[in-house]
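All chains, full assembly: derive it from the sequences and hints.
Protein chains in written order, with the numbering used here: chain A, 1 to 210; chain B, 1 to 251; chain C, 1 to 270.
The hints are simulated quantities; they were obtained by calculation from the structure and are not laboratory data.
A portion of the hints provided could be inaccurate.
If you only want the chain C side, here are some residues facing chain B, beta carbon under 10 Å, derived [what the hints assert, rightly or not]:
{"#": "1", "residue": "Q59"}
{"#": "2", "residue": "Y90"}
{"#": "3", "residue": "D115"}
{"#": "4", "residue": "L117"}
Think of the CB as a built atom: it goes at the ideal place given N, C-alpha and C, for glycine as much as any other residue.
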Amino acid sequence: MTKTIREQFQLEIAGAGLPFVAFCIALNLTAGQLASALKLPIYLDSLGTVLVAVLCGPWSAIMAGVFSNILGSAFGNPVMLFFSPVMIVIGAFTGFLAKRGWFRKWYLVPIGGVLQGVLAAIASAPIAAYLFSGVMLAGTDVLVIYFRSVGNTLLQSVFFQGLSSDPVDKTITYILVYLLCRSLPLRLLQRFRGGNNVPRNEALNRTYAL
Amino acid sequence: MRFDVGEKLSATLFLILLAIILPWYLNAALVLCLLIARSTVPSIRPASQVLRRRFRQLSGYFTIVVVLMTLVNGLLMEGGTQWEVPGGFSISRVGLEFGLRTGMRLLVIATSLLLFFGSTTIPRIAQFLQSAGWPVQLVMTLLLTLHFVETLPDRVSMIFTAQEARGAPVRANMFARTKGFFLILSPLVLSAIVESIDRSMALELRGFHRGTKLTFDGETAAPGRMTIVSLAFLVLSFFCILWIILQWFQQ
Amino acid sequence: MVPTIDIRSLHYQYFEGTPSVLTDINLHVPSGSCAALLGPAGAGKTTLLQVLSGVVGSQFTTGKADGRILIGDQEFLPIPSRVLFPEVGYLMQDVSVQLSGIKETVAEELAFSLDNLGITGDERSRRVSAALSEFDLAHLAHRAPSRLSGGELQRVALASLLVSNPSLLLLDEPISALDSMAQQRMVSFIRSAKRTATVLLSDSGIDFALAVADLFVVMDGGRILFTGNRNQFLNSLQSFSHLLPISLWDEVLSQSRRMTVDSRITRVFT
Numbered sequence: 001m002t003k004t005i006r007e008q009f010q011l012e013i014a015g016a017g018l019p020f021v022a023f024c025i026a027l028n029l030t031a032g033q034l035a036s037a038l039k040l041p042i043y044l045d046s047l048g049t050v051l052v053a054v055l056c057g058p059w060s061a062i063m064a065g066v067f068s069n070i071l072g073s074a075f076g077n078p079v080m081l082f083f084s085p086v087m088i089v090i091g092a093f094t095g096f097l098a099k100r101g102w103f104r105k106w107y108l109v110p111i112g113g114v115l116q117g118v119l120a121a122i123a124s125a126p127i128a129a130y131l132f133s134g135v136m137l138a139g140t141d142v143l144v145i146y147f148r149s150v151g152n153t154l155l156q157s158v159f160f161q162g163l164s165s166d167p168v169d170k171t172i173t174y175i176l177v178y179l180l181c182r183s184l185p186l187r188l189l190q191r192f193r194g195g196n197n198v199p200r201n202e203a204l205n206r207t208y209a210l
Numbered sequence: 001m002r003f004d005v006g007e008k009l010s011a012t013l014f015l016i017l018l019a020i021i022l023p024w025y026l027n028a029a030l031v032l033c034l035l036i037a038r039s040t041v042p043s044i045r046p047a048s049q050v051l052r053r054r055f056r057q058l059s060g061y062f063t064i065v066v067v068l069m070t071l072v073n074g075l076l077m078e079g080g081t082q083w084e085v086p087g088g089f090s091i092s093r094v095g096l097e098f099g100l101r102t103g104m105r106l107l108v109i110a111t112s113l114l115l116f117f118g119s120t121t122i123p124r125i126a127q128f129l130q131s132a133g134w135p136v137q138l139v140m141t142l143l144l145t146l147h148f149v150e151t152l153p154d155r156v157s158m159i160f161t162a163q164e165a166r167g168a169p170v171r172a173n174m175f176a177r178t179k180g181f182f183l184i185l186s187p188l189v190l191s192a193i194v195e196s197i198d199r200s201m202a203l204e205l206r207g208f209h210r211g212t213k214l215t216f217d218g219e220t221a222a223p224g225r226m227t228i229v230s231l232a233f234l235v236l237s238f239f240c241i242l243w244i245i246l247q248w249f250q251q
Numbered sequence: 001m002v003p004t005i006d007i008r009s010l011h012y013q014y015f016e017g018t019p020s021v022l023t024d025i026n027l028h029v030p031s032g033s034c035a036a037l038l039g040p041a042g043a044g045k046t047t048l049l050q051v052l053s054g055v056v057g058s059q060f061t062t063g064k065a066d067g068r069i070l071i072g073d074q075e076f077l078p079i080p081s082r083v084l085f086p087e088v089g090y091l092m093q094d095v096s097v098q099l100s101g102i103k104e105t106v107a108e109e110l111a112f113s114l115d116n117l118g119i120t121g122d123e124r125s126r127r128v129s130a131a132l133s134e135f136d137l138a139h140l141a142h143r144a145p146s147r148l149s150g151g152e153l154q155r156v157a158l159a160s161l162l163v164s165n166p167s168l169l170l171l172d173e174p175i176s177a178l179d180s181m182a183q184q185r186m187v188s189f190i191r192s193a194k195r196t197a198t199v200l201l202s203d204s205g206i207d208f209a210l211a212v213a214d215l216f217v218v219m220d221g222g223r224i225l226f227t228g229n230r231n232q233f234l235n236s237l238q239s240f241s242h243l244l245p246i247s248l249w250d251e252v253l254s255q256s257r258r259m260t261v262d263s264r265i266t267r268v269f270t
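In structure tokens, the structure reads:
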């Protein structure tokens, strides 16, 4: 019998899911700062959303993403709220891939990351174009200006700019999440609804006597 | 004049929709009105010195964005009167108007949201969401996030120092720093998972479950009720949406 | 009513096909007494406490259990499948996770359990005030929980536990992070708590247990190796020297009259 969205959501955040989702929302807000501190040219603002999507499920990932944007608006840039549809796309698509076992096979992870990046670029382009007309006081503004100067429309230019960074960022995020989940012992993975979405590390499980 | 969270939220929604409809000069006037209201209406005044400073910083940021937006669009778009500028460039009237329209819209939206979040704490928002019928787990997640946002920087700093002491390459070339990043992230996530398991047990052991209601300041959140002010703003917002849809079909 | 605890032939595995974490546990804890579960890390002490609290049955849906547990007049075949709140109060080993993390003041934190019980108004205020004064927390009532010291955190955690008037207290390594003054306070607390509750605590050393416990239970590898009163425990101490560290171990061995050592240890804590 098909479960309602509410029932599925309750199952996803049961037990350890609820505090873990809260942690992942905070991770979304701070992972980018950690990457900057290490001078790495990546955003990683959806790292927590992807983690939740893999370990808990798509509905809690959507919630994590939207809440990240709400809190990001409250603590940082107020218009982050308008990029919530992008987080919804990330949470839903990653949850969909995770349920179909894409995080169990290492070679599917980067492919999934690229696809996710393309989807994120498609979702964010209209928002960035309409709200900011491509100017966000970021280094990538130059790319938008370039694409516009060679004859592309504003929407196309913002989309192409997104295509130049989102697939790379999301692929790195996916690989990081895969490596993180792979390093978790079974007894911890089994506390999450999506614990079967990741490969079991047999060597680690032997160490933990399971 | 005091506004509750619901009234402020519906007013913010109305202002955002209004910003989409109004021409740029009326949006500019709206921004001025909001700045005056910020100083005169207690309910929307930023709640602390830190928030006031943040308001000023972000207002400055968005003003610069608007100016750049206007200039860039003026330079890149063609149409209407063209003005020559030094350097062999020309600025078009159409581009300037487009830039101003987009920019002022962004400024109204940003100012409205800054005023809302600056005058409404997250716990108040959580209380409102619970009284509006949202599941208690959602409200709990929002509140628990604040705890992690507060403790995460210290935790990261501790792991960063520990890993650096172990010789992790956190300050070397990019590839090494990427590896170092994982060495910080891995124990961070692992400890968070262990803490999440313990915390979920502790919450349940103290009686928290999906049927409970969180209490704020000694009062259980009152059943959500729509005030006249909220209703008025929502009705106005509805008309704004209708207007936008009409304009879109006419184009 | 202060319950007795009766456990018969309890076996528990977290997952089917994995080694049991509790094997053939048989234990009887009389009403109003204090039983100490002693043993090294990984002995199964925390698991047994969590099984009794009901949180294991509630959260570990893949677990497999056999046996029977009787807590007061409630019988569970094999283990409680829901958390036995408010009858049971459980103190986590890490007290920082004991607190909800969402309350802005200590007073609100203490009231969290009462709010979950639906207790409001004067009764809520009365119980919070009583807990604040009993644990010397009145001056911290409006302090943010994130700004408490380790000892203050422990007192708030204990107070938050007792505010719902549990009749069974399960304390997981309650003195592990406490200085000697705070340990003394914990001894006084447990002695007074026994008047209104049955207490089951776990510890990896024996000093604290000797000061407060009536029943001593030594565990290792998920099994109970020994159950007995204080005299029986002291007479059998040599058998468990490899499991239980004791600061006065040399003193114990060198003393010909174990009762003298016992009274010396007890005097340290009184």
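Comparing the hints with the structure gives:
no., hint, verdict
1, Q59, "holds (7 Å)"
2, Y90, "holds (5 Å)"
3, D115, "holds (4 Å)"
4, L117, "holds (6 Å)"
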